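> For reference, the chains in residue letters:
There are 2 protein chains.
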Amino acid sequence: MSRTNVKKLLTSTELVGQDVLVKGWVRTKRGNKFVSFIAVNDGSTINNIQVVADAEKFPEESLKEVTTGACIAVTGKLVESQGKGQTVEIQAEKVEVLGTADVETYPLQKKGHSLEFLREIAHLRPRTNTFGAVLRMRHAMTFAVHKFFNDRGFFNVHTPIITGSDAEGAGQMFRVTTLDPINPPKTETGEVDYSQDFFGKNTNLTVSGQLEGEVAAMALGQIYTFGPTFRAENSNTSRHLAEFWMIEPEVAFNELTDNMDLAEEFLQYLVTYALENCADDLQFLNDMYDKELLNRLHFVVNNKFERVTYTDAVEILKNAKKAKFEYPVEWGTDLQSEHERYLVEKHFNKPVILINYPKDIKAFYMKLNDDGKTVRAMDVLFPGIGEIIGGSEREESYEKLMTRVKEMGIHEEQVWWYLELRKFGTAPHSGFGLGFERLMLFVTGMGNIRDVIPFPRFPKSAEF
Amino acid sequence: MSRTNVKKLLTSTELVGQDVLVKGWVRTKRGNKFVSFIAVNDGSTINNIQVVADAEKFPEESLKEVTTGACIAVTGKLVESQGKGQTVEIQAEKVEVLGTADVETYPLQKKGHSLEFLREIAHLRPRTNTFGAVLRMRHAMTFAVHKFFNDRGFFNVHTPIITGSDAEGAGQMFRVTTLDPINPPKTETGEVDYSQDFFGKNTNLTVSGQLEGEVAAMALGQIYTFGPTFRAENSNTSRHLAEFWMIEPEVAFNELTDNMDLAEEFLQYLVTYALENCADDLQFLNDMYDKELLNRLHFVVNNKFERVTYTDAVEILKNAKKAKFEYPVEWGTDLQSEHERYLVEKHFNKPVILINYPKDIKAFYMKLNDDGKTVRAMDVLFPGIGEIIGGSEREESYEKLMTRVKEMGIHEEQVWWYLELRKFGTAPHSGFGLGFERLMLFVTGMGNIRDVIPFPRFPKSAEF
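Keeping their order, the protein sequence lines are chains Y and A.
One point on numbering: in this note's numbering, the residue at position 315 of the first sequence is 315, and numbering is uninterrupted.
One point on numbering: in this note's numbering, the residue at position 231 of the second sequence is 231, and numbering is uninterrupted.
A few of these clues could be false.
Said to hold, decoys possible - The following label-pair restraints were derived from C-beta to C-beta distances:
1. A:Glu116 to Y:Leu419: 50 to 60 Å
2. A:Arg239 to Y:Leu419: 45 to 55 Å
3. Y:Thr272 to A:Asp261: 53 to 63 Å
4. A:Val103 to Y:Arg152: 30 to 40 Å
5. A:Thr13 to Y:Glu265: 25 to 35 Å
6. Y:Met408 to A:Asp360: 50 to 60 Å
7. Y:Thr272 to A:Val301: 33 to 43 Å
8. A:Lys110 to Y:Thr403: 30 to 40 Å
9. Y:Arg239 to A:Lys186: 50 to 60 Å
10. A:Asp261 to Y:Asp360: 30 to 40 Å
11. Y:Lys8 to A:Gln82: 33 to 43 Å
12. A:Ser195 to Y:Glu96: 39 to 49 Å
13. Y:Asp360 to A:Gln82: 32 to 42 Å
14. A:Glu96 to Y:Glu315: 33 to 43 Å
Please keep in mind that the hints were generated in silico from the structure rather than gathered at the bench.
Nothing here was measured: the structure is a model prediction, and the numbers come from that model.
Quick reminder that beta carbons are idealized off the backbone N, C-alpha and C, glycines included.
For reference, chain Y alone in the conformation it holds in the complex:
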């Protein structure tokens, strides 16, 4: 007999009355001297299938290895359940233990472990309800990203992870090397001789695929990246990871308004996809972690995003007499999360897209507005977390871009190829970046970014 997964057992009414085989891990076993109830989960859904083992067929001794965490195979008839909490259950005919889990040493024996403790056993936490839900939703969001872009004729582009440029300037970088760590070869002037390194130069892990994404967009029209990016910053916070995934669409001929339209459609699509495809996992997370989670998801889907200039936003924040901000607001400074959340949650009561930021607080490649002071940047602000997307129209003028490159001390020799895009067949184009774990925080309601990625990487931690 071939295996049926728990999700199918729970949802396929045509299976009722049939003999089935289920394999999975024991979540709980309880019962009395007449009967044992074994809750089995195989990861296909957050819900368990209840296995009913009559004591006549299964004396206590025969089930002694059926403990929490053990892996079992059960054959029996699927029947409508008499008890509460489930619609169907399996009347066991045969219970086979595939792998035991010692009651004394299995760490998930008892319920209610802290998220901190579970991080230390990242190899076992996917077996909990919480991390099962998060990881299933992580897949759903991954697939939704690809489906959204594929349905609209975008092409996924794999931009390089190892890079010879540090041009984006988005943060500290990790060095990638095969040189002797203790006695690296040196030049005559006593510097490390990177010409002898694997790639013949100093290389790092990428902080963004955008620059290479623009290359692809200026040939294929509309593209997106979805890959790992890195920051070597010593940030031990609930919002930062050293290794995280980014989605970066880039579209030739799109101007800032098109870019905002795309970002809004994209985010609403993803949240709608979660609501439609992850109902059970969302309900669990809403009940257990964040009673406002579902409300916040509906808030994003049901409201058109407000579009405001940075300058207007600064005025609003300055006039927000009732708000007590930790950081002052002045034109020219970057907004803090408290300011962003005030705009979204208090002032507009909608998701907000801020545009036209001061050029001095944004990257070199953003298109300069005619005022000479602001650039066509956009940040999308969400309830609870503040900025979820950052993007811009790109500077397509070679002369203007070169001025910015020189002003900001970008190494031309590292980005000659990027500059050439403006020499040969340049055109308006725009794009943005969505930090995938930021999205995951938003759709799961989890509070710590280390809990929305299977194996988090942060300062002093690269276990598993």
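Based on the hints, put chain A in the right spot on chain Y.
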């Protein structure tokens, strides 16, 4: 008027007779004193739209900047074409040059550049027919991978890129560090003091996500990874990259036969998807690079894969009197590409799955057969390229796995978490790895792996 992409213009008969706006890059301009014909491509398809500009409306002088590589916006009526080679064309009303491409310096001015030359301008090569076709197909295969697994209830898992273990032993690794490159901190014994490095230990770029993938499979049931992997080997060949993408499904409760079934279904699905969704690009690649390409794709779809033991395959190869192999075949040695291709192309005339390899030439985690000599490994062999997939049933017995760990000198302290999967609720499980660029070589017919990834990384090269 909003822009219509070239693919839609060429395939939407309802647009004929309407005014349209197209934006894209000039591939060619030709004509006479009465009319100019401009071929425009926007990356949405390999085919160009022909723009017809009457000299009365567009005197030669007005089109002087419309040269190969320039970016233009054209408004006009879409009409049925009088000429050969296209069904529709645009009668231009307005031609705007968005970005020029200097005739003297634009590198793609003339046709027929070598693939070697195009590698040096990887920022412009996506604008050629060849690389447009390859990159569109790369997207199609990426999406097909996600769709295949999503449709079957698999969960995508993002395994870590930076790893503290080198357990897989699949090859040389790149070191990831933020230590001072010239004066790293040292321990009392004069070694590099990695406890002061970013992660508090020596870390590398992953060579495989399999071990972490097993963690996820033993909780979620069936998962797949799709991410970048790395080899720091000094291999300057047409088959090796330092950075490439891998797909690694892993399924709890699957045994070797299930694993073979999954691999065969997966590969046939991918090739069928390419045939159904990339017809124009495939036809171009078949015509220009490899006249046997379409035949080989049909060969894979139309033949059930032959399943043979390694031992039987060695016998076949030893008895292959007519074949002149460069390398001798002996039981216990790894097969070479020439042997694999002989089995596929000459002996069986089908794709082949070889199973039950000698344990000494396979990884520590593969399940030992009862003969004590062979393991439940499988390699899928394809025409033209040899091995395209490698996989196995995994050793689920803690004792047997520990024996292999000790025999092969694996560092237990790096893989304690992997070993614990066998302590707590172990079960049979299986998986395999598909090198994405190997697949891309197969479906595009390209000869060099550097030409099926946008920005290749190999010894002494990390440009762009």
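> Of the hints given before, which are not true for this structure?
1, 2, 3, 9, 10, 11 and 13
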